[in-house]
Amino acid sequence: MSGRHHSQFRGRGLNFEELKHYQMGDDIRNLDWKVTLRTGQPHVRLYSEEKDRNVIILVDQGANMFFSSIDTMKSVVAAEVAALISWRVLREGDRIGLLIKNTTELAWSEPMRGQQHALHLLKTLSQSNQSLNVASQDHITFSDSLMTLAKRDLRQSTIIILSDFLTLNEDDISKLKNIQRSNDLLAIRISDPMEHLIPKQGTWVMGDGDFQFSLDRQQQISQVNQHLSATAADNAMKLNHLMARNNLPLVELSTDGHHLSQLKRAIGA
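Numbering (my numbering), first residue to last: 8 to 276.
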């Protein structure tokens, strides 16, 4: 199958790569007789094959993503970025697949080509996004979505994960490393400024639908901010180390409304 991405191995594809001196074990079918006769030394032609690529996007649409303190919900950022990536993948002639983690289930779509397939994926993603509300509660965890990816036994695919990674733990890191062994893995973390720092002005009332508490003293807010800052830094460090294994950046997107331009800058587009 021909495609637009060069593979890491060499074979008898359509793209000429280089000439080299014949060595024991080289395929004699690749002998370049003209160069061999001209130089008096046997030379072989090397070709690079191209392979089509499967791109799998894991989109977190859990209750934790229904949050923003400034402009755009994290769930909307994830959905819009997934849509942008999907169309770009199709333009490159590759296959696009989707795993949507919503509050009640994991929706898996096999990698395929075609505009109709992409529209179907984005319609499913839009429905998951619009079903989120203030009363949403997660019955599916982020770890469950990683386990589903691992069970798919994917090989030679590009896997892009869009999430806030707030619940990331050591077991999740192990799952990501296992997935990374046979695939290209790109983590895109979506965060909101208030997850790093709560403004000290005013009184803050926070709740989860069942319980709530008030932050009305400077000391309380300072303690919460220390915890938030340490948690965010720890998650960023874990993901940075994971991405560094394949010399890839950790892409950070914000809910400030500029997520698409941030993505383009991060990937050099």
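If you are wondering where the hints come from, they were derived from the structure by calculation, not from laboratory data. None of the values given here were measured: they were computed from a predicted structure. Beta carbons are placed, not taken as given, at the ideal position from N, Cα and C, and that holds for glycine. Hints may be right or wrong, so weigh each one.
[Unchecked claim] Simulated DEER-style distance windows between Cβ atoms:
(1) SER181 to GLN137: 44 to 54 angstroms
(2) GLN227 to ASN185: 22 to 32 angstroms
(3) LEU91 to TYR54: 16 to 26 angstroms
(4) ALA273 to GLN122: 40 to 50 angstroms
(5) ARG252 to ASP151: 51 to 61 angstroms
(6) LYS271 to LYS130: 56 to 66 angstroms
[What the hints assert, rightly or not] Once the Cα atoms are required to be at most 30 angstroms apart in a straight line, the calculated DSS-like pairs of lysine-lysine come out as:
(7) LYS158 to LYS130
(8) LYS207 to LYS271
(9) LYS207 to LYS182
(10) LYS41 to LYS158
(11) LYS207 to LYS245
(12) LYS130 to LYS27
(13) LYS41 to LYS130
(14) LYS184 to LYS207
(15) LYS184 to LYS41
(16) LYS182 to LYS41
(17) LYS184 to LYS158
(18) LYS182 to LYS130
(19) LYS27 to LYS41
Hints, verified against the model:
About 34 angstroms separates the C-beta atoms of SER181 and GLN137, a value inconsistent with the hinted range of 44 to 54 angstroms. Between GLN227 and ASN185 the C-beta distance comes to about 40 angstroms, which lies outside the given range of 22 to 32 angstroms. For the pair LEU91 and TYR54, the supplied restraint of 16 to 26 angstroms is violated, since their beta-carbon distance comes to about 34 angstroms. Between ALA273 and GLN122 the beta carbon distance is about 26 angstroms. The supplied range of 40 to 50 angstroms is therefore violated.
With their beta carbons about 24 angstroms apart, ARG252 and ASP151 fall outside the hinted range of 51 to 61 angstroms. Range check, LYS271 to LYS130: about 25 angstroms between beta-carbon atoms, so the 56 to 66 angstroms window is missed. Note on LYS158 and LYS130: the hinted pairing holds, with a Cα-Cα distance of about 25 angstroms set against a maximum of 30 angstroms. A threshold of 30 angstroms between alpha carbons decides the hint, and for LYS207 with LYS271 the separation of about 33 angstroms lies outside it, so the pair is violated.
Restraint check for LYS207 and LYS182: not satisfied, since their Cα atoms lie roughly 38 angstroms apart, outside the 30 angstroms limit. The suggested pairing of LYS41 with LYS158 is violated, with an alpha-carbon distance near 51 angstroms, which exceeds 30 angstroms. Taking the CA atoms of LYS207 and LYS245, the gap is about 29 angstroms. The hint holds against a cut of 30 angstroms. At roughly 51 angstroms between alpha-carbon atoms, LYS130 and LYS27 are farther apart than 30 angstroms, so this suggested pair is violated.
Restraint check for LYS41 and LYS130: the C-alpha separation of about 57 angstroms exceeds 30 angstroms, so the hint is violated. Pair hint LYS184 plus LYS207 does not hold up; C-alpha atoms about 39 angstroms apart against a cutoff of 30 angstroms. Taking the CA atoms of LYS184 and LYS41, the gap is about 48 angstroms. The hint is violated against a cut of 30 angstroms. Straight-line distance between C-alpha atoms of LYS182 and LYS41 comes to about 52 angstroms, which puts the hinted pair past the 30 angstroms bound.
Distance restraint check for LYS184 and LYS158: the Cα-Cα separation of roughly 14 angstroms lies within the 30 angstroms cut-off, and the hinted pair is therefore satisfied. For the suggested pair LYS182 and LYS130, the alpha carbons sit about 29 angstroms apart, so the restraint of at most 30 angstroms is met. For a cut-off of 30 angstroms, the pair hint linking LYS27 to LYS41 stands: about 13 angstroms separates their Cα positions.
Hint compliance for this structure: hints 1, 2, 3, 4, 5, 6, 8, 9, 10, 12, 13, 14, 15, 16 are not met, and every other hint is.
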